[in-house]
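Engineer: Take a look at the letters that make up each chain.
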Amino acid sequence: MSEPANPVSHEGPDGTMDHLDEMTCLLYAERQLDRGRAQAVSAHAQDCAACRTLLRALERESRLLTRAMLEEDEPLPSRLAQFQERARQSFQWIWGVIFGLAATGVYALYTGFVEPWQQRLDQAGFGGTSLLSLLVFQGAFWKGWQSMMTLFEVLAMITVVGFGAVIFRRHLRRGSAVALVLAGLFAALILPGPASAAEFHKSESYELAKDQTVKSDIFITGARARIDGTVDGDLYFFGQSIDISGHIKGDAIIFAQSTRVSGQIDGNIRSFTNNLTITGTVEKNVLTFNETVTLDMAGKVDGSLTGFGQTATVDGHLGRGLLFMGDQTIISGTIDGEVQAKGNFMSIASTAQVAGPIHFEGNHPATVDAGAKLASPVQFTQMKRESEYEQGHYYVWRIIWTAAFILFGLVLFLLLPKFSEEVVMAGERVGAPIGLGVLVFFGVPIAALIALATVVGIPLSILTLGIWLLALFCAEIVVGAVVGNWILGKPADTWALIGRMALGFVIVRIVYTPLAHVHVIGFLVGLGIWIWGMGAISLALYNRLQPTATQSSMPGSMPPMSLPPNTTVGGIQPA
Amino acid sequence: MSVPGMTETTEAVARARAGDAEAWGQIYREMGPAIFRFCRRALPTREDAEDATMEIFSKLWEGRLIQYDETRSFSAWLYRVAANHCWDILRRRKIRQDKETEDVENVPLEHPDPNQLDRLIEQRTSAEVRHALDKLGARARMALVMRYYSDMSYDEIADALGVRRAFVGVVLLRARHELRQALEGKSALAAGGTS
Chain A
55 MSEPANPVSH EGPDGTMDHL DEMTCLLYAE RQLDRGRAQA VSAHAQDCAA
105 CRTLLRALER ESRLLTRAML EEDEPLPSRL AQFQERARQS FQWIWGVIFG
155 LAATGVYALY TGFVEPWQQR LDQAGFGGTS LLSLLVFQGA FWKGWQSMMT
205 LFEVLAMITV VGFGAVIFRR HLRRGSAVAL VLAGLFAALI LPGPASAAEF
255 HKSESYELAK DQTVKSDIFI TGARARIDGT VDGDLYFFGQ SIDISGHIKG
305 DAIIFAQSTR VSGQIDGNIR SFTNNLTITG TVEKNVLTFN ETVTLDMAGK
355 VDGSLTGFGQ TATVDGHLGR GLLFMGDQTI ISGTIDGEVQ AKGNFMSIAS
405 TAQVAGPIHF EGNHPATVDA GAKLASPVQF TQMKRESEYE QGHYYVWRII
455 WTAAFILFGL VLFLLLPKFS EEVVMAGERV GAPIGLGVLV FFGVPIAALI
505 ALATVVGIPL SILTLGIWLL ALFCAEIVVG AVVGNWILGK PADTWALIGR
555 MALGFVIVRI VYTPLAHVHV IGFLVGLGIW IWGMGAISLA LYNRLQPTAT
605 QSSMPGSMPP MSLPPNTTVG GIQPA
Chain B
43 MSVPGMTETT EAVARARAGD AEAWGQIYRE MGPAIFRFCR RALPTREDAE
93 DATMEIFSKL WEGRLIQYDE TRSFSAWLYR VAANHCWDIL RRRKIRQDKE
143 TEDVENVPLE HPDPNQLDRL IEQRTSAEVR HALDKLGARA RMALVMRYYS
193 DMSYDEIADA LGVRRAFVGV VLLRARHELR QALEGKSALA AGGTS
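Protein chains in written order, with this note's numbering: chain A, 55 to 629; chain B, 43 to 237.
Heads up, a few of these hints could be off.
Listed below are the simulated DSS-like cross-link pairs for lysine-lysine, each with C-alpha atoms no more than 30 Å apart in a straight line [to be verified]:
no.: 1; chain 1: A; residue 1: Lys544; chain 2: B; residue 2: Lys101
no.: 2; chain 1: A; residue 1: Lys396; chain 2: A; residue 2: Lys427
no.: 3; chain 1: A; residue 1: Lys269; chain 2: A; residue 2: Lys303
no.: 4; chain 1: A; residue 1: Lys338; chain 2: A; residue 2: Lys269
no.: 5; chain 1: B; residue 1: Lys101; chain 2: A; residue 2: Lys472
no.: 6; chain 1: A; residue 1: Lys338; chain 2: A; residue 2: Lys396
no.: 7; chain 1: A; residue 1: Lys544; chain 2: B; residue 2: Lys177
no.: 8; chain 1: A; residue 1: Lys427; chain 2: A; residue 2: Lys472
no.: 9; chain 1: A; residue 1: Lys303; chain 2: A; residue 2: Lys256
Because the hints were derived from the structure by calculation, they are not lab data.
Generate coordinates for the entire structure from the input sequences, incorporating the hints supplied.
Structural biologist: The following block contains the structure:
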């Protein structure tokens, strides 16, 4: 609304008397005009009876409105009178208990799971880093960041950021906060540690000839690749099969169906592959998620071999330890370090030499051929057959984890109260979120993996998978909140919603825990919870991103309302 | 900004912020009725107003009070909280708002006859005005309540409604026109109201 340039004129061009428009009168009556314009209006009103009457009527209208609204025509409802007392009956002690249980859970998680793993990995040649930093930060995606973070630094950072955001939320516009977080995440993902040049190749088949040298990192996508030449940096491959007979001076990071290494790799191998066969030399460590990993008789790994998969065969020479979790572990070569294996079966051939202790946890004792040179006998641990739910501590753990999830939900709900409410509302529709959930649950990982293969889409793909995983973790919390709402009714505020979430979550856990051990049904119920919760989150996000017809009347936007023809502000009304 | 019918409770607020439940009770006793009446004027039904009042005080009890700047008027701040809360509730009822926007906001306003307007104001009682207020659209009623019940400034109203400050006068003027039509029994313009 523009302020009038010349608010008052007593006479129009045709000589008729002009009047103040109603908007000017209202702004004058409300003391919203600046001094000059107010004086002009006042001067005009002294000479113009009609405008004086209008001003007086507007002022009387204001007073009538105020009087009408202030009159106490209704008593205070008894419900409000009782409210004060109810509000004082706070259940904050419950949160203390939940927080305590959650803290216990984190401590127990560290001492019971992470720390032993860390020790094992230290022994296997991955000293100085935690499991998470080994698998993630030291892995394929964030090479060079391994010294930056450990698991607990990450956990501590997330917790501090979460609580900090809750405390300072009022100083931030939610949109800008989310944008900041996403931008930060994205920047963190796309910025590499040490900046270096890289070559990119995308074709059906790639070959680096024997006499060729790539003097930087190389990224290859395609069905097949053959490296006979030299790569001065790291090799990244996303495709079907790769054969490395040349020389890689950095690390080899491989996502492939089949990988064969007959040349030399000065760094590490990190691979997600069906079959990994090493007949050449790897000067550092091998970390692989695979079906079969084979260190051939001619093959040599100076560091350790860590594998997760079906079968590990060590016929060649392993400079440090072997850590394998899978079905079968077969050793007929030389291992200079310790062996840690877990699985169904272990076989040690007569040609085997193991310098360190051998720990095997399995269904059957290890088969050791006569003539095998072992530093000590195999320490065998029978894999426990007892069902989890027959053990007392299983229930203690369930309670601790339930508390931890409720605490996680509490932080999320406080961090994003409106969005949480929208997610729960979306979840209550049941059909739509489940339908969308099926699509997102299966579709997003597939799309992310496709994006992963395009190299340039790697950061986006990782971010998407991260969000997908986060949504997966939140799914049970969302379903819990929906169930809580069904039982206790619509919440009045965020804390009421959190209370309902806690109640619903406990109920879902109580119902789901026995079902989880029933073959197929347990899996289906769990899958249903994931899909439902994830669908609700997706639906709420979808609703937020949809342009609505009411946008114009939302805060922050100018309504599509034009000034009325007879109320041009400050203009003159012909009489 | 002075707010009719309300006592400043600075000391009680300070104690409530320190966790004194008794002080919080005092604030509720002093402010509760006024905030309920504000919500009652702003929202379509009595039940809505009851719910909103409880939600507003629940927010205070659960930590919102920390956001209050003690150098400013507590009652004015509380009214802003209430206004934002009520407007949030009304905004969520999108369908009604769409209709209201279509029906009301595009109709041009006629310049009133000063004498007729003066007579209309003189003849109407407070009860009739309250009845007419119930027939108004959400934004019109909200704007009038913020301005003439809680004496909020144009800046505060602009902030609460999410419009430019310069547009508040237009919103108020349109609201008055709607109100006059409702007082005259011409409820056509208020057909999209939320009553």
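Engineer: If you draw a straight line from the CA of A/Lys544 to the CA of B/Lys177, is it 30 Å or shorter?
Structural biologist: Given pair A/Lys544, B/Lys177 holds - Cα atoms ~27 Å apart, limit 30 Å.
Engineer: Is A/Lys427 close enough to A/Lys472, meaning Cα to Cα at most 30 Å?
Structural biologist: violated, 66 Å
Engineer: Given the proposed pairing of A/Lys269 with A/Lys303, does the C-alpha separation stay at or below 30 Å?
Structural biologist: At roughly 10 Å apart (the allowed maximum being 30 Å), A/Lys303 and A/Lys269 satisfy the hint.
Engineer: Holds or violated: A/Lys396 and A/Lys427, Cα atoms, limit 30 Å.
Structural biologist: With Cα atoms ~21 Å apart, A/Lys396 and A/Lys427 stay inside 30 Å; holds.
Engineer: Please verify whether A/Lys544 and B/Lys101 have alpha carbons no more than 30 Å apart.
Structural biologist: holds, 16 Å
Engineer: Has the given pair, B/Lys101 with A/Lys472, been kept, meaning a C-alpha gap of at most 30 Å?
Structural biologist: It holds: about 14 Å lies between the C-alpha atoms, which stays within 30 Å.
Engineer: Holds or violated: A/Lys303 and A/Lys256, Cα atoms, limit 30 Å.
Structural biologist: The hint holds at about 22 Å.
Engineer: Given the hint that A/Lys338 pairs with A/Lys396, test it: the Cα-Cα distance must not exceed 30 Å.
Structural biologist: holds, 23 Å
Engineer: For the pair we were handed, A/Lys338 and A/Lys269, check the Cα-Cα distance against 30 Å.
Structural biologist: holds, 21 Å
Violation of the numbered hints given earlier is confined to hint 8; every other hint is satisfied by the structure.
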